[in-house]
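For the record, the sequence lines run as chains X and S. Residue 116 in my numbering sits at position 116 of the first sequence, with consecutive numbering throughout. The number in my numbering is simply the position in the second sequence, starting from 1, with 1000 added.
Think of the hints as simulated: they come from the structure by calculation, not from any bench. For each residue, glycine too, the CB sits at the ideal point set by N, CA and C. Among the hints, a few may not be true.
[Unchecked claim] Some but not every residue of chain X turned toward chain S, in silico, with C-beta under 7 Å: (1) Thr140; (2) Thr141; (3) Leu152.
[Said to hold, decoys possible] Which chain X residues stay away from chain S? Per the calculated CB distances, all over 10 Å, these: (4) Glu3; (5) Phe7; (6) Val21; (7) Leu37; (8) Ala49; (9) Ala63; (10) Val66; (11) Ile109.
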Amino acid sequence: MAEFFYFLCAIVAIAGAIGVVALRNPFYAVLSLVCHLFALAGLFLLLRAEFVAFAQIVVYAGAVMVLYVFTVGYVGGDDESVRPWHGPAQKGVALVFAGMLFVELCLAILGSGLKALDGEGAPYEAGFGSPGQIGELFLTTFLFAFEAASILLLIAAVGAVVLARRRGAGRVEADRMTFTEFMRPIGTGTTAEAVGTRDAGINLPAPAAEPEREQLESGRGERA
Amino acid sequence: MIAATGPHIDVEALSPLLALTGGGLVVLLVGLLRPRVVREVLVPLLALASLAAALGLAIWQWDADEEIIAGALRVDTLALAFTAFVIVAAAITVLLSWRAVAPREAAHGEYYAMLLVSAAGMSVLVQAQNLVSLFIGFELLSVPLYVLCASEMRRSSSLEAGLKYLIIGSVGSATLLYGLALIYGATGRTDFAAIADALNSVGGPVSDPLFLTGLALSVVGLAFKVSVAPFHQWTPDAYEGAPTPVTAFMATATKVAALGVIIRFFDVALINAQPDWAPALAALATITIVVGNVGAIGQTSVKRLLAWSSVAQAGYMLAGIVVGTQHGIEAVAFYLAAYLVMNMAAFAVVVARARETGLGDAIEALEGIGQSKPLLAWPMTIAMLGLAGIPGTAGFIGKFFLIDGAVDGDYAWLGIVIVVGSAVSLVYYLKVVAAMWMRPAPRSVPVLAGGAVDDPPADAPAGPRAAGGEVTLVAVGCAAGPVVFGVLPGPLFDIARDAAAAMSHLF
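With the sequences and hints as input, model every part of the structure.
Printed below as a string of structure tokens:
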């Protein structure tokens, strides 16, 4: 069974890696990288490095790949190739680096004397680093850091919203407001309010008066 | 697996920190309410209330000396004194931000919440007793400040300041993290006391390259945050571009926190490697004093001038840490308090004049205010003379202690560098004083008639408006500090001695 999964993951990983460099469409290249990372996570699981495997999926295949996909979405897809070929020099450098990496990996693998070839892999109960142990450390020794990190993430999200939020220029506040309006934060509520065409109860200046704003919004629309 | 039992949490010792973070969350939520009076008055008042609560709790816990939450934090007089300095700086920042543009642009709730969380991060940093909490505190301090720097979003220089601070600050954080990881790799421990034990077992100067690389990288990472030369290049740009209240907070509170963590990290965890780091820090301090003082001379913007001056001042204070004695730490704590109030007075005047003249932070905005605005001219004069170290101000006594500490710890040449640096600094400090008292007010300064204090235009103008009474109050109140403590240094000296007493393993 382990052999089956090993070969499955290994083939998918290599195929994914080849796909990243071979596919000309950058979007497919990114998706191929996702396949590669998932397969690597599978290999980590076979090595009983559960935490690394899940970190691989959550951090790389999840968060980092979303960034990649958005970036590719930004700079263009099919028609705009992000793969400039700068002639033989670039190919030569790539070959040199690939060769160096290959030699280095061969040295590392042969240096281990291939002892693991007949082994059964890592012991089933790892000595350390299992998700359980890491979780326990989070709740005991590093409890404070764990909790403080949550505040850090919260304030980072708040900061990101502050920087990214659309400014309600010339927002006119009503003098009297109902209790519901009093309690309800600006920018929550109807869809019209969310997209900025109507501000709940409080009218924004007509969009036509602000060509710059319109332009900005159309720009946003493209990105979304 | 046996069910893990969580560590004991000493809520009393943690209470100042809880007040700051709790206050931040409350302010964040209240800031969502619709009425303008809630956002513009209630939110700053709540921020002030939570700062006051945190200060009260810190004073209440003054005698505490314990490790809390599985050794993550150490609550002792050093941590509490530095936390109190940070809280005072944050409270003054709230007052300076009261009518400022930045909170309106960033939304009041978010602005004050970020300020409070940043202050909480600083409090974590000065209490950190563990490499992990050190780094988390470092980031908790930095991330809100990056955003606060950029919070005047319609002014491109503010965005530029935020971006520069973000990029260079992240490089600093990454360097620090790498250094901490290598120190962990070399010693195998993350808590400061265990690192000290591991280094002690080596005996004599540590020569392990892994450890020394880690030490060098963490010195660089921390130097970025204290803006020690040659890692100071971001300082003038970020200070100039950031909204002035935020600049004031960065110049004072960040220095307090970063020097606080340097004291604890080097004098607790790495004290046995002092022969390794003391010469490096002494060299950095010398470079910083020279670069800061020379850089300040040609500046025409008061904020840039204060930024360069803060670089030089960081060099002076680093000298007190180099020697690794209680006496040195005492001097640093005393000087930090004096530096905090002097800088706040200066920044308050900058805020007031920028609002009244529309000339921004240019030195021209201060010209001739000796006659027309004595309540602003005197605080600025006292701040400048105090930062230069003129006798009769707390700045003089602070520098005296620093030099005394340096000489006491066999770094007499560093004392001489401080003296020479202070002499050079008079060139630019007196330039500001001369502009205020000896030049006529430029005729182009628009004078406000019955300024619209209560109802500033919604769209955040850069044009002239009244400064607001609270800014003058801050200027006068902060300027009173250096004078009072310059004449009667006793109370502040007691605080500094208490703070240094927490480092009882030093002599």
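Here is how each hint holds up against the structure:
no. : hint   : result
1   : Thr140 : holds (5 Å)
2   : Thr141 : holds (5 Å)
3   : Leu152 : holds (5 Å)
4   : Glu3   : holds (30 Å)
5   : Phe7   : holds (33 Å)
6   : Val21  : holds (29 Å)
7   : Leu37  : holds (23 Å)
8   : Ala49  : holds (18 Å)
9   : Ala63  : holds (17 Å)
10  : Val66  : holds (20 Å)
11  : Ile109 : holds (25 Å)
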